[in-house]
Amino acid sequence: MFDPARIQRETFVADVELFESLPSTNDYAAGRAAAGFSGRPLLVVAEQQTAGRGRGANRWWSCSGALTFSLLLDELSNAPVARLSLAAGLAICEALRALDPRLETRLKWPNDVYLDERKVAGILIERIASAPETLILGVGLNVNNRLADAPDEVRSRAMSLADATGAELSPEQVLIAVLQHLEAAYAVLDEHPWPTLDRCRELCLLRGRQVVIDVGEQQHAGRCLGIDDDGALVIETPAGQSRCATGVVTSFDRSASAADRR
1 MFDPARIQRE TFVADVELFE SLPSTNDYAA GRAAAGFSGR PLLVVAEQQT
51 AGRGRGANRW WSCSGALTFS LLLDELSNAP VARLSLAAGL AICEALRALD
101 PRLETRLKWP NDVYLDERKV AGILIERIAS APETLILGVG LNVNNRLADA
151 PDEVRSRAMS LADATGAELS PEQVLIAVLQ HLEAAYAVLD EHPWPTLDRC
201 RELCLLRGRQ VVIDVGEQQH AGRCLGIDDD GALVIETPAG QSRCATGVVT
251 SFDRSASAAD RR
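The opening residue of the sequence shown carries number 1 in the numbering used here; numbering runs sequentially from there.
To be clear, the hints were calculated from the coordinates, so they are not data collected in a lab. A quick note: this is a predicted structure, and the numbers were derived from the prediction, not measured. Wrong hints could be hidden among the right ones.
Unchecked claim - Pair by pair, the computed Cβ-Cβ distance ranges are:
hint	residue 1	residue 2	range
1	Thr-250	Gly-36	33 to 41 Å
2	Ser-251	Gly-31	13 to 21 Å
3	Gln-218	Asp-190	24 to 32 Å
4	Thr-50	Glu-153	13 to 21 Å
5	Ala-221	Asp-15	43 to 51 Å
6	Ala-221	Met-1	24 to 32 Å
We put the CB at the ideal spot given by N, CA and C, even for glycine.
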């Protein structure tokens, strides 16, 4: 399914490790970092994850046909993690749109990609405590997995590229496209972030919608105004504007029309 030589030839990745199954590609990458990381960009791909993680206590449901991978990197950018996560999400959006114009993907702050109001990809960025300059970027992307057998709470909120297009895509081609767009996004993030941020704002799924965000033990509810220059979400609450640099969107208005969100 994956040709390491092609991936190395067509992307910035130096080393590729492929597995039929792993508990978590991020956990495996963390173990490789702890054992001594050479600094050469390492790609870890698993055809299936049995204990994939999202942000906080969230779990990533995975089955055959999904694309799950992690990158172990010497930090490519000095940007805040929120901005790094958005740039990674934007890279996925643009890669999928380039592969098939029907895939009108949107960014759901802070780390998800949506298609037709349902989640198609998630991103988890982690730093290594013993090596703060090292970054792990994990991605779970629903490519050819059919969600008919998924748990009810997943099936109603997620979809795959195959479901959206009616045809299977090459996981390797999707992976290469994402890696190429990711390299391009991160290359300009420090010195010229504004086009990336403007595009993130344009594709922001939550803009104009009523949202509820948990930030630690505090909860913020209001109308999303968009994303600021640091990658934080700005919402209008009854008490005024609130800026959320981190947090979890626990709910958002799924009935809002495009006109309502302007």
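Violations among the numbered hints: Failing hints, ascending: 2 and 6.
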